[in-house]
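Visitor: Quick note, the sequences are listed as chains A and B, same order.
Taking my numbering, the leading residue of the first sequence gets 1, the next gets one more, and so forth.
Taking my numbering, the leading residue of the second sequence gets 1001, the next gets one more, and so forth.
You may find that some hints are simply not true.
[Claimed, not checked] Result set (DMTMM-like, lysine to aspartate or glutamate): computed pairs, CA atoms no more than 25 Å apart in a straight line:
(1) K1055/B <-> D96/A
(2) K3/A <-> D1065/B
(3) K52/A <-> D1027/B
(4) K97/A <-> E1022/B
(5) K97/A <-> E1052/B
(6) K97/A <-> E1107/B
(7) K1064/B <-> E31/A
(8) K97/A <-> D1065/B
(9) K97/A <-> D1088/B
Calculated directly from the structure, the hints in this document are not laboratory data.
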Amino acid sequence: DAKTTQPTSMDCAEGRAANLPCNHSTISGNEYVYWYRQIHSQGPQYIIHGLKNNETNEMASLIITEDRKSSTLILPHATLRDTAVYYCIVTLTSYDKVIFGPGTSLSVIP
Amino acid sequence: GAVVSQHPSWVICKSGTSVKIECRSLDFQATTMFWYRQFPKQSLMLMATSNEGSKATYEQGVEKDKFLINHASLTLSTLTVTSAHPEDSSFYICSARGLVSRSRTYEQYFGPGTRLTVT
């Protein structure tokens, strides 16, 4: 079973920041939070991951709450190409398999 | 990120025939590969996990005699759908996990998927 809960869908205006929340209240101390996205009819694309510190890369920022029970993926300036299903996943990284939940369908609107 | 390819990208086959899908890690050695299946408007469902040189581990409800997985080398895994039926029509996605030299971490990367249609 997926260990995370996400909203089913969200809209975001083009050029604005998209903030995608994820709850993972049962996360254990050595589990990471990973984010992937899947554009229609393509394979999932890795976005970012973190353990407890906030992380940033060229695609997005990941904000993890201090108690690690939730996190937010931030796309700072959403474009139409960011329209996709975004999956938040909790995993032990190197040693665990990636189990997908239903994800959040993000629609970026012109 | 690292590159994982799949071949073919799409295939149409007749009911009762078998079809083989290849998954390759192009720029790293994949100690573990995973196969997923995705039906329209649904999430990815893990089918099996395979480690190089050993038998695949199948998820509950996945028929191992129908979905044959071979992981003969560190860069290649194959999924063969045997005696395919129309209900096997789906989007099959592989992923590969290994040590990626650029990041020097073990990460999992996904292939672009293979669309199988059984008529």
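Visitor: Compare the structure with each hint and give your call.
Guide: How the hints compare with the structure:
1. K1055/B <-> D96/A: The given pair, whose Cα atoms are some 17 Å apart, holds under the 25 Å limit.
2. K3/A <-> D1065/B: Distance of about 30 Å is beyond 25 Å: violated.
3. K52/A <-> D1027/B: violated, 30 Å
4. K97/A <-> E1022/B: holds, 20 Å
5. K97/A <-> E1052/B: Holds, at about 15 Å.
6. K97/A <-> E1107/B: holds, 11 Å
7. K1064/B <-> E31/A: Violated, because 30 Å separates the two Cα atoms, which is more than 25 Å.
8. K97/A <-> D1065/B: holds, 22 Å
9. K97/A <-> D1088/B: holds, 23 Å
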